[in-house]
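Protein chains: 2
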Amino acid sequence: MRNDQVLKHFLYSPGPTPVPEEVLLEMAKPLIHHRTPQFFKIIQENFELLQYIFQTKNPVITITSSGTGAMEASVTNFLSPKDKAIVLSAGKFGERFAEICRAYNISVIEIKAPYGMDVKAEELEKALKQNPDTKAVFTEYSETSTGVAFDIKSIAKVVKNTEAILVVDGISAIGAMEFKMDEWAIDVALAGSQKAFMIPPGLSFISFSEKAKKMMEKSTLPKYYFNLTKEKESLEKNTTAWTPAISLFIALNSALKLMKKEGLESITKRHALIAEACRKAVQSIGLSILPVVPAVKPSDTLTAVKVPAGIDGLKIPSLMRDKYGVTIAGGQESLKGKIFRLGHLGYFGISDIIIELQAMELALKELGYKFDYGKSVFTAQKVIEEHLL
Amino acid sequence: MRNDQVLKHFLYSPGPTPVPEEVLLEMAKPLIHHRTPQFFKIIQENFELLQYIFQTKNPVITITSSGTGAMEASVTNFLSPKDKAIVLSAGKFGERFAEICRAYNISVIEIKAPYGMDVKAEELEKALKQNPDTKAVFTEYSETSTGVAFDIKSIAKVVKNTEAILVVDGISAIGAMEFKMDEWAIDVALAGSQKAFMIPPGLSFISFSEKAKKMMEKSTLPKYYFNLTKEKESLEKNTTAWTPAISLFIALNSALKLMKKEGLESITKRHALIAEACRKAVQSIGLSILPVVPAVKPSDTLTAVKVPAGIDGLKIPSLMRDKYGVTIAGGQESLKGKIFRLGHLGYFGISDIIIELQAMELALKELGYKFDYGKSVFTAQKVIEEHLL
Numbered sequence: 001m002r003n004d005q006v007l008k009h010f011l012y013s014p015g016p017t018p019v020p021e022e023v024l025l026e027m028a029k030p031l032i033h034h035r036t037p038q039f040f041k042i043i044q045e046n047f048e049l050l051q052y053i054f055q056t057k058n059p060v061i062t063i064t065s066s067g068t069g070a071m072e073a074s075v076t077n078f079l080s081p082k083d084k085a086i087v088l089s090a091g092k093f094g095e096r097f098a099e100i101c102r103a104y105n106i107s108v109i110e111i112k113a114p115y116g117m118d119v120k121a122e123e124l125e126k127a128l129k130q131n132p133d134t135k136a137v138f139t140e141y142s143e144t145s146t147g148v149a150f151d152i153k154s155i156a157k158v159v160k161n162t163e164a165i166l167v168v169d170g171i172s173a174i175g176a177m178e179f180k181m182d183e184w185a186i187d188v189a190l191a192g193s194q195k196a197f198m199i200p201p202g203l204s205f206i207s208f209s210e211k212a213k214k215m216m217e218k219s220t221l222p223k224y225y226f227n228l229t230k231e232k233e234s235l236e237k238n239t240t241a242w243t244p245a246i247s248l249f250i251a252l253n254s255a256l257k258l259m260k261k262e263g264l265e266s267i268t269k270r271h272a273l274i275a276e277a278c279r280k281a282v283q284s285i286g287l288s289i290l291p292v293v294p295a296v297k298p299s300d301t302l303t304a305v306k307v308p309a310g311i312d313g314l315k316i317p318s319l320m321r322d323k324y325g326v327t328i329a330g331g332q333e334s335l336k337g338k339i340f341r342l343g344h345l346g347y348f349g350i351s352d353i354i355i356e357l358q359a360m361e362l363a364l365k366e367l368g369y370k371f372d373y374g375k376s377v378f379t380a381q382k383v384i385e386e387h388l389l
Numbered sequence: 001m002r003n004d005q006v007l008k009h010f011l012y013s014p015g016p017t018p019v020p021e022e023v024l025l026e027m028a029k030p031l032i033h034h035r036t037p038q039f040f041k042i043i044q045e046n047f048e049l050l051q052y053i054f055q056t057k058n059p060v061i062t063i064t065s066s067g068t069g070a071m072e073a074s075v076t077n078f079l080s081p082k083d084k085a086i087v088l089s090a091g092k093f094g095e096r097f098a099e100i101c102r103a104y105n106i107s108v109i110e111i112k113a114p115y116g117m118d119v120k121a122e123e124l125e126k127a128l129k130q131n132p133d134t135k136a137v138f139t140e141y142s143e144t145s146t147g148v149a150f151d152i153k154s155i156a157k158v159v160k161n162t163e164a165i166l167v168v169d170g171i172s173a174i175g176a177m178e179f180k181m182d183e184w185a186i187d188v189a190l191a192g193s194q195k196a197f198m199i200p201p202g203l204s205f206i207s208f209s210e211k212a213k214k215m216m217e218k219s220t221l222p223k224y225y226f227n228l229t230k231e232k233e234s235l236e237k238n239t240t241a242w243t244p245a246i247s248l249f250i251a252l253n254s255a256l257k258l259m260k261k262e263g264l265e266s267i268t269k270r271h272a273l274i275a276e277a278c279r280k281a282v283q284s285i286g287l288s289i290l291p292v293v294p295a296v297k298p299s300d301t302l303t304a305v306k307v308p309a310g311i312d313g314l315k316i317p318s319l320m321r322d323k324y325g326v327t328i329a330g331g332q333e334s335l336k337g338k339i340f341r342l343g344h345l346g347y348f349g350i351s352d353i354i355i356e357l358q359a360m361e362l363a364l365k366e367l368g369y370k371f372d373y374g375k376s377v378f379t380a381q382k383v384i385e386e387h388l389l
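Keeping their order, the protein sequence lines are chains X and U.
Quick note on numbering: the working numbering labels position 177 of the first sequence as 177, and the sequence is numbered without any gaps.
Quick note on numbering: the working numbering labels position 9 of the second sequence as 9, and the sequence is numbered without any gaps.
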């Protein structure tokens, strides 16, 4: 590459995801005050659009924090000290639920599965029978650290007939993969702004069912900033308990309208198609994905690819970014250097997957991986062609 | 006013404050990933610039939350259940400290003063002598709900020689009013992005001394998202524990550089001059300010003005906003309708105070207040002239 070549940048991580230009420009507009009719309208519109995205009639609270804040809120607002909770854990974010529970003196039963697997509804059913005093079950939908999609529909069926509530971390799934909070009987659902919602990080979303609300009324864990009772009261007046991240709320308004316009069905199909193209593409050049298919379903918002033997895994993302302008994500913690994660989430179309795969091929080739150069790109093209033409 | 007239908007609340155009445009740039060398540099630069603003060698943590999040962090990171804390309270935000302490099972001694007053160092000294087991003293610097500036320099002298740490909410003061964390021996200091820092809400800042750090190591209150030990470790690697509000961090970088360029001394003088002009201006048309001067010092970042008898206080801010495009703040909670608050904070110059006073005069006149029309504007002009020419 000539050094004087323009390095065009593409953000293809599984969060933060690319922000549409018209949404970016919303944040460059003069700031408005949050206790004004103009902003109350933004909150009301966002609320209704979020209900649509979550497919729920429940309240959906917008918190000024990253997703971890919503995860904490999902523990502290529904449970009381020494309550028993089951955490389904097969990756960094499942583990985070367990960590938060322990930080708040919750008695945690962690059902673990290896990275690349999920925890099956049958295992949960057994654990719930052995622990009928379980107050809450925490699970990922899309485990962002491994690219595995948990079967939350089956999990919800198991939890539904117990006293426990089901808390689903949908941070890298909701708004991109099929999700029907009410129909599937999910009690608490979380999402994050920098994922399917196509805006920068800084907002998280949390919705809760009637069953969860009853537990909320009895919860005695300490909380203040993340107090959902207070936030719900504020939401009913189209406001927030604390000063909100105004510019992100406004960007969200613009992004949610784009999502509504495309429609959930189309969004879901788009993500599924691109994910399939991506998986087939990487497999076509001899790479393996981390999710152990068909035992588990891979997530449609990112593809976690195993670093092939003999290749320096840390260099794949840095080379793609620094030499080809394409930002993806590496593996986290114990998966560092062992996988790389191709995001295809949010404001991401069929052209983007081609760019992403092409940069991946260049990086792999430079690092000495032997494969049929161009094949992953062509494979993706074929999948797209079959579905679109 | 003709209905077809352009309504030009001015945001003059004591937070959110106006955002400079060049800072707004930073947020419209394509989003970057937060785990990249490019963003590590932003964090490092911000950290050093924040140390300058706080006048400290201590770590300054940036949290993705509004100021209330930093207030919560200042309780949960340094105290343990049933610890004793003294809260100096003469307004909504002092009361919030007491609320947070109670939510976390802290034994609270609230030293209250009427709205418009502050709590004196002598009272605190007495309370500390009666309660030598006090672990922390919480105080406002600028109480945003009343416009009173607490004498934190004297308060710090009293706390310095005890076992307790001093926590100062400087949310509407730091970066605009003189503040020397290290020299004054402040142990924990809080600030918020939408105040002197000239960016939208969504970030809060918290710095802590060695004395506070020692308490932090022993603190057993539960926390997760607001865990400062984790954040400090991350900051040392130029990163954050959780996904940060990237676009706000970048805007902050741009705003902090503007602040550094102007220099703290000049910023402080600018705020003091405009505040003096504002106070003299409102008094010149027979209005009174809420702070009981000279018993207390008024804040230099906002002026809380009492609504004159017979005037509908709720209508002053709404008329100024809807008819003249000037957004100020009303009174909060029990002060609703009784005061209005003129912000003069952050990206706010001498022209702005003239615009703000002019809109206030028009609104007051329309609401039937009798005064010498034009006098407050001219009074402000005179103060400015005396200082600048």
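Some hints could be false.
The list treats identical chains as interchangeable, and a pair is accepted whether it falls inside one copy or across any two copies.
Derived DSS-like pairs (lysine-lysine); straight-line CA-CA distance at most 25 Å [unchecked claim]:
(1) Lys153 with Lys126
(2) Lys237 with Lys92
(3) Lys8 with Lys82
(4) Lys315 with Lys126
(5) Lys213 with Lys129
By construction, these hints were calculated from the structure, which means they are not laboratory data.
message: I want to check one pair: lysine 213 and lysine 129. Are their C-alpha atoms no more than 25 Å apart within a copy, between two copies, both, or neither?
response: Within one copy only: 24 Å inside, 45 Å across.
task: Check lysine 8 against lysine 82 for me: Cα-Cα at most 25 Å, and say if that holds within a copy, between copies, both or neither.
output: neither (52 Å within a copy, 56 Å between copies)
- prompt: How do lysine 237 and lysine 92 come out at 25 Å by Cα distance, when the copy is not named: within, between, both, or neither?
  reply: between (37 Å within a copy, 20 Å between copies)
message: As a check of your reading, is lysine 315 near lysine 126 (CA-CA no more than 25 Å) within one copy, between copies, both or neither?
response: neither (43 Å within a copy, 62 Å between copies)
Alpha-carbon proximity between lysine 153 and lysine 126, which holds within one copy, between copies, both or neither at 25 Å: within (17 Å within a copy, 62 Å between copies)
The earlier numbered hints that this structure contradicts are 3, 4.
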